[in-house]
Amino acid sequence: MSAIDLSGGSVGVVSAQRASFEQPLSLVSGATIDRYDLAYETYGTLNARRDNAILVCHALNASHHVAGFYADNPKSVGWWDNMIGPGKPVDTNRFFVVGVNNLGGCHGSTGPASIRPATGRPWGADFPLVTVEDWVKVQARLADILSIEQFAVVMGGSLGAMQALQWTLTFPERVRHALVIAAAPKLTAQNIAFNEVARQAITTDPDFHDGNYYAHGVVPKRGLRIARMIGHITYLSDDAMAEKFGRVLRNGQLNFNFDVEFEIESYLRYQGEKFSEYFDANTYLRITKALDYFDPAVGYGGNLTQALAGAKAGFLVVSFTSDWRFSSARSREIVKALLDNRLNVTYAEINAPHGHDAFLMDDSRYFRVVRAYLDNIKVAS
Amino acid sequence: MSPSTRADFATIASWINPGARVLDLGCGNGSLLRYLREQRAISGYGVEIDDEKLIACVANGVNVVQRDLEGGLAEFDTGSFDYVILSLTLQAVRQTEAIVKEMLRVGKQGIVTFPNFGYWRSRAQVMLGRMPVSMELPYQWYDTPNVHLCTIHDFDAFCAIHRLQVLNRVVITRGQPVNVLPNLLGALAVYRLHSGA
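Protein chains in written order, with my numbering: chain E, 1 to 381; chain Y, 1 to 197.
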């Protein structure tokens with residue numbers, strides 16, 4: 001591999017902002033949310049023509065904190081900081097970048113842990129299920145507030161890529177380009193199966209209390225830990241795990257008990273523990289359901305080509321060869337449907353060893369493709 | 001870009017209707033597609049396997065799909081392109097017959113260019129005991145990507161065996177068309193094909 005393209009700097013100190021929406025929101029499920037807040041961050045400057053905005057959609061466990069860091073904690077680096085910043089592939093010297101925490105999240109936007117105005121108590125189990133379509137609709141309302149009529153780019157990886165794709169269908173006039181990275185046009189039975197095991201881990205935790213654990217002063221941490229462990233297994237490739245952990249023993253010998261022995265066990269427990277300390281279980285349940293439900297072709301008899309017929313954007317689709325959660329073959333399904341519709345599309349299949357997580361990793365070829373694509377997007381100075 | 005390559009571009013452009021849909025297999029840095037977009041207002045895509053060339057295509061503003069041609073063209077529907085091009089690519093593929101078949105499945109017409117191994121300079125180098133190295137074949141025997149070199153006569157025979165109808169053929173040496181003894185005096189061959197079936 002050639003030298004990693006890590007040129008460019010940090011956007012520096014950032015701070016989250018909050019937008020409040022009083023206009024009731026009708027969800028795909030039929031439920032309505034009367035009022036809600038969205039946490040978001042922006043980097044760079046919206047130009048006078050307002051044609052240089054990029055929306056970054058997050059995946060399962062991330063947030064609006066995409067780049068930079070908070071003044072009170074230099075270690076609080078945004079989740080896609082390697083991709084976004086001055087001189088980086090998503091160059092904040094040219095683009096105005098918006099990160100938003102999705103509705104139902106647990107990083108500042110209204111979600112199950114938020115206080116429900118009608119009751120004065122957390123929403124808990126009563127927080128409705130939200131879909132990718134709902135998120136896109138809500139993101140568009142944020143765009144309205146920010147006076148962004150049309151995004152130059154909507155981009156994301158994994159579940160974030162599904163939102164980018166949905167944007168081109170729900171609001172074809174409001175997005176010029178979509179970056180659809182490590183995506184799938186819908187989940188397979190195997191994908192749903194992994195999500196269901198994660199949900200079962202949470203809902204069968206005695207501390208779950210049917211989703212109203214806030215009132216009991218507890219958190220279903222055991223369930224969250226296991227859910228995260230399962231997720232992590234699917235984010236990494238077999239080779240990446242072998243490379244990173246192999247069969248290495250923590251203490252150099254077998255102990256003939258059930259404590260941590262292999263390094264991989266230690267890693268998964270650590271990741272699970274860390275996750276259970278900051279992530280809301282009800283949010284996790286809802287986000288995995290949003291993943292399961294996503295299927296733009298469902299209203300077209302499963303015909304993805306017909307489903308994407310309304311899209312007008314240009315597309316950059318990127319997949320990673322070692323990703324088995326959303327394999328390259330899944331991205332090629334999207335590419336085929338875009339080609340069938342004679343849309344502008346470029347597809348890069350990055351030979352990367354990291355598995356699904358590759359979309360978050362530093363990889364010279366991946367970054368250079370994104371940089372080259374974005375450099376060709378004309379925006380007013 | 002070498003002068004002979006430019007000549008090949010101009011010949012290809014002269015055959016392509018304005019506004020056509022074009023697929024360029026093994027499109028390299030996308031320069032042919034870009035040229036055709038500028039000269040003929042075509043729309044289209046390249047197919048390329050190499051990471052560096054793919055990035056060059058993106059930088060050139062050319063639509064490109066990363067794929068190994070040896071695996072076929074599954075993403076591309078039958079008859080979905082007016083022209084499918086194999087520009088200096090055919091000699092470097094293994095599944096020659098399968099790829100030509102795929103080309104003429106996806107495209108209404110195919111355009112193939114290849115270095116003529118029957119060119120007298122190549123013959124002379126072999127006569128003198130060495131593998132040919134030239135502008136059209138700029139590789140040593142040990143680092144060449146070319147695995148299926150052929151002469152114009154070989155390719156004519158190939159077309160006859162596979163019932164491919166040759167709509168046009170232009171042979172070029174140093175940018176100039178060659179009309180006399182093309183298999184001896186021509187460095188580069190450019191064919192426009194139609195599936196004879």
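Mixed in with the good hints, there may be bad ones.
[To be verified] Straight-line distance between alpha carbons at most 27 angstroms, and here's what the computed DSSO-like set of lysine-lysine pairs gives:
(1) E/378 <-> E/312
(2) E/289 <-> E/244
(3) Y/108 <-> E/312
(4) E/378 <-> E/186
(5) E/186 <-> E/75
(6) Y/53 <-> E/378
[Said to hold, decoys possible] Taking beta-carbon pairs under 10 angstroms as the criterion, some of the chain Y residues facing chain E (in silico):
(7) 66
(8) 76
(9) 79
(10) 156
(11) 180
These aren't lab readings, by the way, just hints derived from the structure by calculation.
Every residue gets a Cβ at the ideal spot worked out from N, C-alpha and C, and that includes glycine.
Of the hints stated earlier, which fail here?
Hints 2, 4, 5, 9, 10 and 11 are the ones this structure does not satisfy, whereas the remaining hints hold.
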